[in-house]
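Number of protein chains: 2
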Amino acid sequence: MPSPNPDWVKALKPSGPQGSELLQQERSRSALNVDQLATFMFTSEVLKRNAKILEILQPHDKPARAKALRQLSVKHGWSQEEYNAANELISEPTPYGLHASMFLKTLEEQGTPEQHKLFLEPARRYDIIGCYAQTELGHGSNVRGLETTATWNAADKTFTLHSPHLTALKWWIGSLGLAANHAVVVAQLILNGKSYGPHPFVVQIRDLRTHEPLPNIHVDDIGPKFGYNTMDNGFLLFNNVQIPHINMLSRFSAVDPATGKYVRPANPALIYGTLTYIRSMIVLQSGSTLARGVTIATRYCAVRRQFQDRDTPEGMVGENQVLDYTMVQYRILPLLAASYALHFTGRIMVNLYNANQERMSQGQNVRPGADAKRSPGPEQLNSTSDLLADLHAVSCSLKAFASTTAAKGLEVCRRACGGHGYSASSGIGSWYADYLPTVTWEGDNYMLTQQVTRYLLKTARTVLSGKITDANSIAGVFQNFDRRQDIGAAFDVLDNDQDLVDAFAWRVAFLTFEALKHRDEEKQSWNNLLVDFWRVSTAYAQYLAVKNFYDALQDKNTTASLDSTTVELLHKLFQLFAFYHLTSNASEFFASAATTVRQIQLARTKRTLSLLQDIRPHAVRLVDAWKFPDWQLDSALGRYDGKVYEDMFHRASLVNPLNDEIIDPYPNSPVLFRAGKKTKAKL
Amino acid sequence: MPSPNPDWVKALKPSGPQGSELLQQERSRSALNVDQLATFMFTSEVLKRNAKILEILQPHDKPARAKALRQLSVKHGWSQEEYNAANELISEPTPYGLHASMFLKTLEEQGTPEQHKLFLEPARRYDIIGCYAQTELGHGSNVRGLETTATWNAADKTFTLHSPHLTALKWWIGSLGLAANHAVVVAQLILNGKSYGPHPFVVQIRDLRTHEPLPNIHVDDIGPKFGYNTMDNGFLLFNNVQIPHINMLSRFSAVDPATGKYVRPANPALIYGTLTYIRSMIVLQSGSTLARGVTIATRYCAVRRQFQDRDTPEGMVGENQVLDYTMVQYRILPLLAASYALHFTGRIMVNLYNANQERMSQGQNVRPGADAKRSPGPEQLNSTSDLLADLHAVSCSLKAFASTTAAKGLEVCRRACGGHGYSASSGIGSWYADYLPTVTWEGDNYMLTQQVTRYLLKTARTVLSGKITDANSIAGVFQNFDRRQDIGAAFDVLDNDQDLVDAFAWRVAFLTFEALKHRDEEKQSWNNLLVDFWRVSTAYAQYLAVKNFYDALQDKNTTASLDSTTVELLHKLFQLFAFYHLTSNASEFFASAATTVRQIQLARTKRTLSLLQDIRPHAVRLVDAWKFPDWQLDSALGRYDGKVYEDMFHRASLVNPLNDEIIDPYPNSPVLFRAGKKTKAKL
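Each protein sequence line maps, in turn, to chains A and B.
Numbering of the first sequence is given in numbering that gives the first Met the number 0, commencing with residue 0 and proceeding in unit increments.
Numbering of the second sequence is given in numbering that gives the first Met the number 0, commencing with residue 0 and proceeding in unit increments.
So that you can see chain A by itself, here it is in the shape it has in the complex (with noise of 0.2 Å):
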């Protein structure tokens, strides 16, 4: 360990006036109810749950991880949620992740009871350890081009999996570089000859004693990535592997082992929801994950002081708080309004889909007819729609959307801390590089645009034909687009929030139109208008989003449930969220006539600034309200406490593990350092 500071080092303090002395100033300059909005939006029993679990945690290091936490989950008999939000506050990926959850997962709900009883069950004890394994070195988002065959071999009942080429490798499979001694892996069907398309199979692949590859498997780590090095993903390969015929998961497609024949999937809808859950939750997460970054930058920048403003009269001394400067305002205070935007929007996607399975367990599912008037926002879906294909563009959408704008915001609240924001101690790289496999995973946010395009192309064309009448859906915005679009539109953007959510309604309907004039009368390609595709998709989910923050706050129960300061300042964050995309996208306000130039610019410059002023006192206090414990956090910048510059010092000079090394330093002698990591080479 580092030898212990000097007395005189230890006398310092940071020049005043100090960051715990400005943080309680922040709050006390605000009278939100910092309390009441956190209950409001994760309910009291949801904080005490947490509580009671950082408890159990915090008296551990930081990196209670893996083998740690499953056993304190056995010792204190966790819940489900309670290990999933013990998983959150450690934050990090761990081996045991793809385990405990899609391994787990797809058991449940692709096995048969005779599976659940012979996988599933050693699974939850952690008798035995999986991953699921679907991606190839050489195919990715596109699931049917996979490589990976599983023959059936009628003479003894077994599938044989092999690997024909080297892009058939599975690759990027978590939990497979190390932990997993199982996988579900997904493979081409292959019957007489015939393929089938992909299918999951539950396959040993590691010895249970020595943890060995099992024979003519080979398995091993795929070595460093720019995130998640505290996850072990691996690749796999087959060279003609048999398995028993139970080893195919069989609760929706199977092989009949008496007559070789495949049996067809009775639902194939149930595999489309999980899929649209998963989305949902990254949707949910990402109001979280870009929060995590605005609270540490919004406390960082009221601790930090630099410069003075150039109005400043001479004599003044000091430096300002930088959170003062409106350009640092106009980078963080739009994220801040976007977390709550994506809260609130994935609050209603996870209700929305959690209705919608319980009307599907009702066999109500598919086509739910008239009853679908009931199901809560994003849309109220028309009788006449499919309330599955609409929840699964909702989801793609707003995933595309919700992720990149929580991996984008989390650069820039890093960036906005300066130098300091590049340190280990910022707390936001490594929660960032974590977080950007999203980007990319679940549906890649580009691929998914197309597929919401499609849907709401078909949509339009529907409405077109004359054949939908319901006000409140998308179709609804189409059909009002479709009557009013030569009439024109001059919402009153500035001043009326509801015109703000009909202006976004507006350009979505403006943008699907042209994109059906290009593909329908000018029969352009495909492929010449996925840009346009994508931007029509964009746009679609920052109405959603835009639509879901309005309506959350219209509802009764938020406003019994929040005081007027509140709501009001939560408004003022909706419209600053609304105004960031209605600016930042302007053109295309413009071009549909949704906006004038003139109320743009508006919009740009003096509402947005005075929301910036109005919003700015109680910046300290919103960030609060997500209520991050500092050891969840870690991150000296943001601290509740505002004792920035003693944490860093703190794990620079007594944590840091490289400072117990001498190095020589000239270039005749040995090895200065390696990447990463340094040589000991005393002299």
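I should point out that these hints are in silico values taken from the structure, not numbers from a laboratory.
It is possible that some hints are incorrect.
One copy or two, either will do: identical chains are not told apart, so a pair holds if it fits within one copy or between any two.
[As the list claims (entries may be wrong)] Derived lysine-lysine pairs resembling PhoX-like cross-links, with alpha carbons at most 25 Å apart:
id: 1; residue 1: Lys-466; residue 2: Lys-522
id: 2; residue 1: Lys-224; residue 2: Lys-642
id: 3; residue 1: Lys-104; residue 2: Lys-116
id: 4; residue 1: Lys-12; residue 2: Lys-193
id: 5; residue 1: Lys-407; residue 2: Lys-224
id: 6; residue 1: Lys-516; residue 2: Lys-605
id: 7; residue 1: Lys-522; residue 2: Lys-605
Since the structure of chain A is already known, use the hints to place chain B on it.
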């Protein structure tokens, strides 16, 4: 080491067509003369020099770092340029980085001949290893706010260096964490209780033999960072440390040892010049920084195949090259264009700087009079303007724009590689992470925009007062705008390249005059205008980059050195670059009436699509022209020969140090593994 692959694994090949075939096909589809273009960009001398250095480095492992590099440099008698070229091929920060750059440079430029003998000569021999200690824990951009003091002691003619607060810690200092035994310390000079502002002092900080810190000096490494972890960054504290009078670097300002009086700098403009030089180099390097990412993404997207186009007739087999999708082209090709734009702009900047240095050394500095008309672009400077102020503003605005573009662009390239972009073997992640500090250092990119706009506002005021007549400077642009703004612009941006450049000029003038009105007429506060100022400065940088690219293509040397096919292709890159920024900032072009809404729509859709289509077949050759050797790229995805999957598998299975470890995966046995490292726990 990992065990060798079994034979059945060795026999596997990627499914066809092979990456090598696809890249061969790409190269045969285009007639672009790669060597001719490369020679034009870099000169044949530089290309030969780089090839020679590469030959020396190549037999070494990629981490032929720091000491090894210095040893090779001595062995082969490298010049400074050759040493720099080697550093660029190695492409990562090393512990001598700041010794070889900032420490030597500061001693050279700010030392007297006596100080050169005392400090510079041993430093050049690496007998002492130094760093440049300016930034403090609580003070970054605002140098005047530094807290470290250097107090003159008349009695014994020494200075006392002292750190009065924790915020006065020197922090982030490159090479200080482990390597340096000397530092140039920037401290507030105090004479008779009065502060004379920050000045540079040479201070020995570690023992030359034991490398232990000297008494009353506290120095160590600041700990891990988001990137740059191959460089040691340190902190440094002084407890009343005395240094002799000779240790204050005194070429410009000095303290007279006899009287203790302050001697003012002879020519502050020269210091100004160094910063301008560093920023010019950042602009030039931003082009090649970005080009590395674009090279990797372009080659990999030509090798990677995914899905079929939706319009593909049924029955067609095989997937499309990803580079054929317009959405991918739209993400990568404007960055390819930007890499060229930044290269040409950077080259013009560096030439301009050199021309000015030469003029200054001939004593014609500061107000160069009629002579300035002979200076090469980016601005023909008119006779009454301050040449250095112009250069300063140009370098500030371009530094901010260029480094933001390169950093953002690298991340776009990484994502365009899909999931594999996240792997360390993509070669983009660590390159991006190491580059990121560039947006913050040498002037934070947001802070700089204030200085640029101050200059533009001042120039606009001069124009309005009727004092400027030179039609080629930015003043001329303002004058033209002032004359014509009531008549309107009507630029033919779609079909006339000069009009396209003029539209960018018009927009800068419009935004500057708007800002001027807010500040001078409406008397708005400086702080309230910061966001507007940032827009003005960004618009100015884009104008300069567009204009410089265009000017470079008009240059006689260009048309003499390149065949017409190449010039034509570069023209398309110029147009794509300009359209990209025109459509991304569409509302500023509408609002200023530089273009119509319809023009923007056409630029965004038809014109951009047709440019993408025209450039697409030459994309691989256009990145080849940057001439990055595979050894430098260190990327499986970006290999010149297209053997992407073979290389990824090779890195994972044969050179991955993690794969010689076996762990015990069960929760109740010892540790699984920790962040980034795996613990051996063989069963």
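Status of the hints after comparison with the structure:
1. Lys-466 to Lys-522: Classified as within: same-chain Cα gap 23 Å, cross-chain 57 Å, threshold 25 Å.
2. Lys-224 to Lys-642: between (33 Å within a copy, 20 Å between copies)
3. Lys-104 to Lys-116: within (14 Å within a copy, 72 Å between copies)
4. Lys-12 to Lys-193: between (75 Å within a copy, 23 Å between copies)
5. Lys-407 to Lys-224: both (19 Å within a copy, 19 Å between copies)
6. Lys-516 to Lys-605: between (37 Å within a copy, 15 Å between copies)
7. Lys-522 to Lys-605: Between copies only: 14 Å across, 44 Å inside.
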